[in-house]
Amino acid sequence: MRNVADIRNYLIANKDNKNIEFASKLIPNINKNSILGVKLPFLKKLAKSLLKDNYDLALNFIKDLPHKYLDETLLHCYIIAKTKDFDELIKQINSLLPYANNWMITDTLLPKIFKVDEKLYENIEKWIKSNETYKIRFGIRMLLKYFIDDIYLERSQNLINKIKNDDYYVKMMIAWYLSEVCIKKYEFGIKILEAKNIDLFIHNKTIQKCIDSFRISNDKKAYLKTLRLKKQ
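My numbering puts the first residue of the sequence shown at 126, with every later residue one more than the last.
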């Protein structure tokens with residue numbers, strides 16, 4: 126491959142019609158014609174190959190925004206996830222996030238070098254305060270992965286409480302985050318649910334995710350069921 130167009134053509138040549146149908150059901154909010162259905166292991170392998178054998182082309186590819194196909198954006202995620210310099214990685218993420226239009230993009234982007242770190246947390250705060258749906262979702266995803274820790278729990282909850290975005294995919298990510306808090310830091314999480322002052326949908330989804338988890342005891346699940354709320 127010699128240019129960005131070659132990468133797109135290569136992905137088109139490897140599209141999977143069956144997987145297009147599957148992916149379009151998972152991501153109903155985007156145009157089905159923007160999905161090639163290329164398998165994720167194939168995209169991961171291609172990202173690794175480009176970085177190893179055609180680094181300049183990989184850099185040109187991630188600058189070529191917005192991408193036409195979801196599969197290109199996922200390939201983009203896999204490429205920048207391997208960036209080793211923190212500041213450069215943040216620049217690359219901030220260049221990509223404005224074009225994120227579905228949960229699969231934000232949930233696929235899992236940088237290898239991220240860890241519990243104040244510099245990362247400060248960027249998470251910016252993403253969550255942006256009021257842009259998929260920046261918020263990505264920020265909460267990073268909280269979930271790295272910051273369910275006693276030092277950050279109160280600070281993170283205050284941050285989440287200030288979110289004003291009512292998008293379904295933001296609410297689902299908040300529920301996922303809170304369910305992980307309940308599983309890993311039960312006493313902190315249960316107090317949030319007992320207070321009953323968070324969004325009704327998020328409250329009940331959090332409880333359902335806890336009940337569906339094998340990482341929480343039956344006794345705790347039984348109590349969580351009593352905290353479910355009904356619509357007024």
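Keep in mind the hints are simulated off the structure, nothing from the lab.
Ideal placement from N, C-alpha and C gives every residue a C-beta, glycine not left out.
It is possible that some hints are incorrect.
To be verified - Listed next, with one range per pair, are the computed distances between beta-carbon atoms: (1) E319 / F339: 32 to 40 Å; (2) S174 / K346: 39 to 47 Å; (3) K244 / Y293: 26 to 34 Å; (4) K289 / D232: 20 to 28 Å; (5) D189 / I336: 41 to 49 Å; (6) N290 / S342: 45 to 53 Å.
Stated by the list, open to error - The list that follows gives simulated cross-link-like pairs (lysine-lysine, DSSO-like), each with its CA atoms no further than 30 Å apart: (7) K216 / K321; (8) K345 / K356; (9) K270 / K207; (10) K350 / K309; (11) K289 / K240.
Structure-based check of all given hints:
Separation of E319 from F339 is about 23 Å and departs from the stated range, judged on CB atoms against 32 to 40 Å. At about 45 Å, the CB distance of S174 to K346 agrees with the hint of 39 to 47 Å. Judged by the Cβ atoms, the range 26 to 34 Å given for K244 and Y293 holds: they are separated by roughly 31 Å. At roughly 22 Å, the beta-carbon separation of K289 and D232 lies within the given 20 to 28 Å, and the hint holds.
Taking the beta carbon of each, D189 and I336 are about 44 Å apart, inside 41 to 49 Å as hinted. In this structure, N290 and S342 break the distance hint of 45 to 53 Å, their C-beta atoms being roughly 33 Å apart. Distance restraint check for K216 and K321: the Cα-Cα separation of roughly 38 Å exceeds the 30 Å cut-off, and the hinted pair is therefore not satisfied. Our distance criterion of 30 Å between C-alpha atoms is met by K345 and K356, whose separation comes to about 23 Å.
Between the alpha carbons of K270 and K207 the distance comes to roughly 17 Å, so the proposed pair stays at or under 30 Å and holds. At roughly 18 Å between alpha-carbon atoms, K350 and K309 fall within 30 Å of each other, so this suggested pair holds. At most 30 Å may separate the alpha-carbon atoms for a hinted pair to count; K289 and K240 meet this at roughly 27 Å.
This entry does not satisfy hints 1, 6 and 7, going by the numbered hints stated previously.
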